[in-house]
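**Student:** Order-wise, the sequence lines are chains A and B.
As numbered in this note's numbering, residues 7 to 787 make up the first sequence, in order.
As numbered in this note's numbering, residues 83 to 237 make up the second sequence, in order.
It is possible that some hints are incorrect.
Claimed, not checked - Derived list of chain B stretches under chain A, where covered just means 3 residues or more per stretch with a C-beta under 8 Å from a C-beta of chain A:
1) 184 to 191
2) 200 to 209
As the list claims (entries may be wrong) - A short, non-exhaustive set of chain B residues, derived as facing chain A with CB atoms under 8 Å:
3) Asn-86
4) Asn-110
5) Glu-157
6) Phe-172
7) Cys-217
Honestly, the hints are just simulated from the structure, not real lab data.
As the structure is a computational prediction, the values presented were derived from the model and not from experiment.
Glycine included, C-beta positions come from ideal geometry on N, C-alpha and C.
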Amino acid sequence: MNAISRRSFVAGLGGITLAFTLAPRRALAQQPARLPGSLDNNRLLDAWIRIGTDGNATVCTGKVELGQGIVTALAQIAAEELDLPLARVQMISGDTERTPNEGVTAGSQSIENSGIALRLAGAEVRAILLELAAKRLGADAAALKVADGVIAAPDGRKLSYAELAAAADLHREATAQARPKPASQHRIVGKPIARRDIPAKVMGGAAFVQDLRLPGMLHGRVVRPPGYGAKLAGFDQARIKAVRNGTLVGWIAEREMLQSRIARPLGDLAKPEEVEAGMARVAATMPGAGTLSVVRDGSFLGVIAEREEQAIKASLVLAESARWTAGPPLPDQAHIYDHLLALATEDKVVSEKQAALPDGVKVIEATYRKPYMAHAAIGPSCAVAQFSDGKMTVWTHSQGVFPLRGNLAMALKMPVENIRCIHAEGSGCYGHNAADDVALDAALLARAAGGRPVRVQWMRADEFLWEPFGAAMVMKARAALSPDGRIADWNYDVWSNTHSTRPSEPGGVNLLASWYLAEPQRPAPPRMQPQPNGGGDRNAVPLYDFPRQRITNHLIKDMPLRVSALRTLGAYANVFAMESFMDELALIANADPVAFRLAHLKDARARAVIEAVAKKGTWKPGERGNGSKGRGIGFAKYKNLATYVAVVADVEVDRASGRIAVPRVYAAVDAGQIINPDGLENQIEGGIVQSMSWTLKEEVKFDTNEISSRDWATYPILTLPEAPAVEIELIDRPDERSLGAGEAAQGPAVAAIANAVAAATGKRLRDLPLTPARVKAALAG
Amino acid sequence: MAINIKVNGATHSVPAEPDTPLLYVLRNDLGLNGAKFGCGLAQCGACTVLIDGKPARSCVTPIDTLGQSEVTTIEGLGTGERPHPLQAAFMTEQASQCGYCIAGMIMAAKALLDRNPQPSAAEVRQALVDNLCRCGTHNRIVRAVMRAAQTGGRI
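Okay, chain B solo, but in the shape it has when bound (with noise of 0.2 Å):
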């Protein structure tokens, strides 16, 4: 069997079970590395992209639920030569340790920011309450996403 789905701006036919949750399918089959097995049961965030701007967690999101629904990946975001500005905030603000969720945290602000495009710190912390990080990178994490916030994070 194969479902066709939309990420990054490209259709794909991908040969799966239609009850195959989308982070598999990103990984595995679209070779995509960003979204990451956390926990698979949409608690840690890991896992995030946004389909149709929302934030989702595609570890619980079967593909056949998407129809014709966008999926934007980190990788949809920006280049090595053009990082989007939350990824060059990250680097910037070198906020990272392991990076494991970083990714899905780049995601989820992502979707902040074209919501809300200058937000207060608290509401950054707000917005990311349910994506994890083990590292305590807390607050780099949150300087990154304020940075990239003055730097025009909606593009």
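Here chain A stands alone, though its shape is the one from the complex (with noise of 0.2 Å):
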């Protein structure tokens, strides 16, 4: 054993004892073979696998529970290569001390990296356990037979892995040769198994890092400031000792704070000899008030106190007597896209297609509009924080433990090996939400406690006022239609900030309060993504097959508002696009939008998920609305490498009210080879009503002053009467690869919705979301 390489310590949850090595690849000497998915940067054998000399599994994977059911899904992948009963393997998910660094769990990417990395490791890992069988039984390994963790030998004797565990040396290189099971022997894999997480969130346990409580854990609270930018003039001391001295009178509800902030003015300067200078700490010296701290670092200001409502109380105080310098002021909402349109860009041609453009072509051409939306999770973001013998504790629900561990080092100018962050889930995310910059707001406090655990949770408004919005975007598109109604030129223009200020960005640190330090740090600077992938051209290039065509993606790199990934990037409003404008095409070209799809597309998977979701809404070519009802279809496969998603949807139009009802949805799905069908279908049916709450109500509102989208009443979401019925087909095809699913769904679905719109009522809306102040303006104009 390595000595340095090799590192052993007690797991703080659990009290299981793990000791192994994260060996990334290029610490080793020679460049080695690549790898499949998350193997390739995560090498050794045991760093996925363990087998306990109980016979049990411990299986580590640096992808994380956001409410998808990933790590039930990757525990059959595992169970299913081991032949285990699931029940004998354990997960262990996003630790920074435990698990392999997996980067950020996002972007439908987990069943594929870290689904194929357990595959593969499983089956070597059964490989290696036959192989000792074999020699201890004196038997062919190919005559062995196994089932749940006993390997048996033709005539009868029989040796458990529980017997196997010590003599098996996981220690050592994968090398992805043993060969998975074929689809036919899967037992566990293509089950609806019951999802390993979703007991306690129904009888009240611990679920969430929200639940948990460390001995001795205090409570913090932040007061941002007024706006992007505001700097902390300063604040009063003598407020909050009224608070520790219980003279505070009355609960003030938060609702109240917010209209004072608002009422406030400001630019309000204070005083020189006001004005705090560094971190501040007033020394609890009531009797039995307990801990009081107010913490200040440059314009970073902060409270902790023993009881949470003590904490709400206190940072409402101080949030009254703070004083700030305003910062920039934002963009005019009613000319926001001319705005951004105005900003200077980084350009790139991401595709294109030259072929001669035929005699007599018509050209026509749109622009389509998506607002800044919020991921607007249903709990306020939230993290616990430990300070003590120089190591900070981190329990996060982050989607990348790793990346944000790297940003906290340099926020908090302490050595990585210093900090571990742990992953606990949180409430759903929908992509880069506060997560992480919570997760620094405690180990900000928690430097301050005394080595006393500090448990921080955003409020309402912080979680919509501060979080990295998804981007505003424009899509231009322009297409020639040939005389005989086939696209001959497709042109597509997207604008659009970037859709990634990830703690992964490399040259900055993109946590929130690090910005607002008295030595501040600087974020990332936001960067063009690659295709396939993409960011604000995420799914900018057509899978159908023109025989000319030019995507051209644009930067936004001046960010007016806080933007980061949500839920698709860029996929969500280039679907809304493209097929929007399908649709507009077939129209002119007096084609059915089935069929104009079809003539135009090539990919046989493609073509199946359309004809299937055709068939299952039993969709009658040709059919037009009636003024109020009508039906619409969207199609994409997410990324253009992952699941094939194809929706059909029913619209009625209230004429009067400019309301839009979508009672029925249909899909059909083809996500390659299916690891749980309920999971999946869980994750498309909840991608359809988030898609629809996005495309009829959601907007994030603001004035030159600041964001005023502050609460549900002012960021409405989709109610539980005003959901579809969904009725989804899977396309189980077991010998394809598994394709990324949870973000398949919300370009098809919004796409359908908009064209079955137009098909109720004849009229196109290009300008999202679906208002009924721009249904009835269309229906008027």
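Each of the two chains sits in its own frame; use the hints to bring them together as a complex.
**Tutor:** Shown next, in the form of structure tokens:
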């Protein structure tokens, strides 16, 4: 055992002792052969799978549960290859000291990258155990049979994994040479296994980081500035003492606090002597009151208290008394798209096909727009941090514990090895929300907590005002229709800010509080994300076979509002624009939308989902809407490399109110080999319903002073009575690679709804969301 | 200062100010996880508990308004061995994605089934109109409540 490269420790949760090495690829002497999926960067078998002397498996993944069911699906894959019952596979996910580094759990990539790694590692571990057993039994490995962790020779002698575990050396590099089971032998993969995380969620168990209670834990809250870039000039410490002394009368609702915050003029500069410098700590002097500390570092202002409601009260009082200098104004929302289009861009032609343009073409153009949208988790972001003996431990619902650790190290000016980030589930995030930001908040407060853990949860308004939104986008499409009604030329331009300001971006620190410290960090510069994943241009390259096309991505560098990854990145808006435009062209070509798509599409699996959804929804070619009722179709293969989804939506437009109802949605889905059909269906239906919410309701509102979407009244989402009936057909392809599906339905769903509205009313809406006001304006026009 | 409150059939003395919202007492003093902080504004329903059998938003309910009222949280419904029919139905239907809203959904559904043991799907949807779900689990939640109604949600 190499003493330097191998570390032992006792796991903080669960009491298991684990020892292994995470040898990154670059640390190895020679450049080895490329291994599939995440095995390539985490090449040791025991980084993924260990077999205990009880014969049970401990399986580690760098991917984390976000409510998408991934940990259950990965357990299915591992158990299948190991020939162990699911109950004997323990999963550990997202811990910088215990699991492989698989970057960020995002982009519908977990089944593809972590899944393939576990499949191959599982097959290899099983082969190693078989080989050992063969030697001991003096039998041919090929003649041995494995069931439930017991290996049996033809003569009936048996050896269990428990008996072999000690001798099995899994601390070796994976070869990816052991052949995984063929689909025909699968007994666990492909089954609708119940999710591991659900029982605690319905029984009131500790299921979330919000539920973590450590001994001696304190509660923290952060007082955020009145707007981006505002600087803290001062605050009133005497008022905080009043909170501790219990003289503050009455519970101040957050709503009132917000009103006072709005009413307070910006730019109210404090006198220099009032300006506190550095970190201030108010000593707790009242007997029995316990800790109540104010933590200030530059313009970062927070409070720590014994009790959560004390921390909230204190933060409200601090917010009331804090004086800020205003940051730069926000753009005028009425002209936001013009504002964005006037900003400097980095431009890239991401796809180009040349062909001669036939004579007599008809050129059609259209422009589509998508507003800023919020992740809007039901539970505001939360983290627990503890700083003791020079080590920082952070429990976080970050999508990427390793990138978070790297950014925390820079923000806290600590060596990365002194920070441990452990994933614990949070409320669904749907991309990069405030999960990482609150982790830094908690760490900053924990440094002032004398070794006690500090739990920080953002308030509702913090979550809306400070999360990085999904970027506003403009899509311009121009096509030429040949006289025979085919698309002869397709030009498509998309303008957008970046769709990733995650901590994984190089060249800066992407944690909110770090920009407000006395020694502030700089955010990482936005960069073009290459195809085929893309960023703003995700799914901007059509899967259709056009003879001539030019797709251009315009990355807007300046970010007037904070933005980052929201589920699907640019794909939701691009599929909306492209699939709307396909319908507009079909109408001009006097073609049925389904037939028009199929006429331009060679990909057999793409055709299959379109044909399947048309059949499921009994699509009638050439059927027109009746002024209020109509149906539409939308299709995409997510990122042009993941799950195929086609959606048909039925809408009913109330012409008087402009309200759109979506009574029914059909979907056909090809995700390759299905790991868990119930999980897949849950993700697809969830994606459709969430997309409908985005499409009909969601837009972040702001004026030049501030973001005005701050709660569920000012940022409404789809309620239970509004949800459509959803019918899904899963096309299982057991011999094809499993494809990521978590973000595959949103684009096709918005397109189907928008096309259905156009079919119903004869009016095309090109600006999202499809609000009653826009519908009424279109109907009047 | 200590205040007595009745939760899940037991009386607890909690060292909190009278104006403290019930939510923080449930979570931090009594160690109950079910009621969640979602908005603090009575808008989302993640903190829903029953007070004398009626659904209430614990995030805006000061503890000194409770008096002798009985508070029921999801922890008071069933146990791991004997889950309440609603809890069992939510597991059977896998009616959860992230699950943050689910305890509030179940408590609001409990109040509905106690009042109307055989609701229509439309009545279920309407009863849960002020409980927000962000993952799009809407239909599974309705199916779970309907299943619980069929299997005797009123216990």
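**Student:** Next, verify each hint and record whether it holds.
**Tutor:** Evaluation of the provided hints:
Counting residues of the segment 184 to 191 of chain B whose beta carbon lies closer than 8 Å to any beta carbon of chain A gives 3, which reaches the threshold of three, so the coverage claim holds. Residues of the segment 200 to 209 of chain B with a Cβ under 8 Å from some Cβ of chain A number 4, which satisfies the need for three, so the listed coverage holds. Violation of the interface hint for Asn-86 (chain B) is found here, the shortest Cβ-Cβ separation to chain A being roughly 18 Å, above the 8 Å cut-off. Here the hint on Asn-110 (chain B) is kept, as its CB sits about 6 Å from the closest CB of chain A, short of 8 Å.
Checking Glu-157 (chain B) against chain A by beta carbon gives a least distance of about 4 Å; that is within 8 Å, so the hint holds. At its closest, the beta carbon of Phe-172 (chain B) sits 4 Å from a beta carbon of chain A; the interface hint therefore holds under the 8 Å criterion. Here the hint on Cys-217 (chain B) is kept, as its CB sits about 5 Å from the closest CB of chain A, short of 8 Å.
In the structure shown, a violation is registered for the earlier hint numbered 3 alone.
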